[in-house]
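S.K.: Listed below, chain by chain, are the residues.
Protein chains: 2
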Amino acid sequence: MRNILLTIEYDGTNYFGWQKQPNKKTIQGVIEDAIKKITGEDVNLVGSGRTDRGVHALGQKANFKTESKIPTEKFPLALNSVLPSDISIKDAAEVSLDFSARYNAKQKTYKYLIYNHKTRPAILRNYVYYFPYDLDIASMQKSCEYFIGEYDFSSFCSSGSETNSKVRRIFDCYLTFENDCIAIYITANGFLYNMARIIAGTILDVGVGRIKPTDIPLIIESKDRTKAGKSLPPWGLYLVDVVY
Amino acid sequence: MRNILLTIEYDGTNYFGWQKQPNKKTIQGVIEDAIKKITGEDVNLVGSGRTDRGVHALGQKANFKTESKIPTEKFPLALNSVLPSDISIKDAAEVSLDFSARYNAKQKTYKYLIYNHKTRPAILRNYVYYFPYDLDIASMQKSCEYFIGEYDFSSFCSSGSETNSKVRRIFDCYLTFENDCIAIYITANGFLYNMARIIAGTILDVGVGRIKPTDIPLIIESKDRTKAGKSLPPWGLYLVDVVY
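Residue numbers (the numbering used here), protein chains in the order written: chain A, 1 to 244; chain B, 1001 to 1244.
Keep in mind that the hints are not guaranteed to be accurate.
What the hints assert, rightly or not - Once the Cα atoms are required to be at most 27 angstroms apart in a straight line, the calculated DSSO-like pairs of lysine-lysine come out as:
#1 A:K36 / B:K1118
#2 A:K118 / B:K1090
#3 B:K1025 / B:K1090
#4 A:K65 / B:K1166
#5 A:K90 / A:K74
#6 A:K90 / A:K24
#7 A:K118 / B:K1036
#8 B:K1118 / B:K1230
#9 B:K1118 / A:K69
#10 B:K1223 / A:K118
#11 A:K37 / B:K1118
Hint data in this document are derived by calculation from the structure and do not stem from the laboratory.
All chains should be modelled from the sequences, with the hints used to inform the complete structure.
M.R.: Next up, the structure:
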């Protein structure tokens, strides 16, 4: 028996999110089917966490246990040969049998892409959030710093979250530019439900002048979801990396 | 009567190229339909040139004549409201009545994106050419310089080209990196049929060591299509800009 950890890229556009659901096409379900095709085994693929419908991943991590004789380094090409083109296994590594991609995750990085141009994108339509209005980038950058630290992030959590403690530590939060977009990167020891998208929405509120960067600590302190910005749509969000 | 010049971005994935064809979805055809919807007029949309099936554009230019009263600056939003999401009008400008987006084009820039990683892309699957083998980037960069100048580019032209003279001037040709890909930019006063894709394929041949950078002048001189590299697939190619 081996425990295999996969690194996975996917385009979430045409999936009902990560988690397996009856009669719905999900990332987990489709990869489990692919594993069955090449190993003959019914496995339970444990992801580092769920991603919502429409959310993308550049480096999702997930592990499964197998009795198959396929060499570990052959899994990416073997799985990619049977997976649809919008999911790609980027890497495979053998890990100890007690390793869990979910419970051993130490930090995750998400990015949110905002397409801030007057007219809508064509090529990036499913991969960025289109926001055509003027933004105060300097204030947005400043606001990012206030998210760094260990706080109760109840204000940045949609209802439906299963976790008890809403305390998370954000190691890094910054704004940069890539691929003609504004990119907001957030690295934390864990994310509450919709947390990355609500933080991005709150930083956008700073950008349009609805709130000030110095309001962020007050919003965190309030533990009141209504004080933070709205949750931006899923198609601008990417799970970039998971660290163990 | 006004003559309107549009700047157009499109995702070529689901189109049979630029040029209107009966019973096939083309960029030109779909935009002409959109213009009819907002002006009521049957126009002839003159593109700067055709792009092949699957080729993308960030800054295609095309003009049409109209009697409509719609203010020029309103055309992008008006057209985008009736166009499918994979085509976007980025700009509109009024030009003189004798202006032709095709005949007045002074230079065009194309880029070709090569995804040079061991495993295939998921998110970029329709937007880059996946090439998993080792490449000698320095030699590829060097080879670019040999394309700059005015030459008969017969070696870099697929049959089916309508033009008589195969002489074109390449103003610039260079390799850079963007969005996790190798990007080859080529700016010329005009492009022969498949010229950008064959130049990219020849630079790739340099990258794998099949030919040397110093072979490029000999290949140009030979005027023999069989001496150059193969034409890379359309989905890695972008019409970036047209200058008048």
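S.K.: Are the hints correct? Go through all of them and say.
M.R.: Structure-based check of each hint:
no., hint, in the structure
1, A:K36 / B:K1118, "23 angstroms, holds"
2, A:K118 / B:K1090, "8 angstroms, holds"
3, B:K1025 / B:K1090, "21 angstroms, holds"
4, A:K65 / B:K1166, "60 angstroms, violated"
5, A:K90 / A:K74, "11 angstroms, holds"
6, A:K90 / A:K24, "24 angstroms, holds"
7, A:K118 / B:K1036, "23 angstroms, holds"
8, B:K1118 / B:K1230, "21 angstroms, holds"
9, B:K1118 / A:K69, "22 angstroms, holds"
10, B:K1223 / A:K118, "45 angstroms, violated"
11, A:K37 / B:K1118, "22 angstroms, holds"
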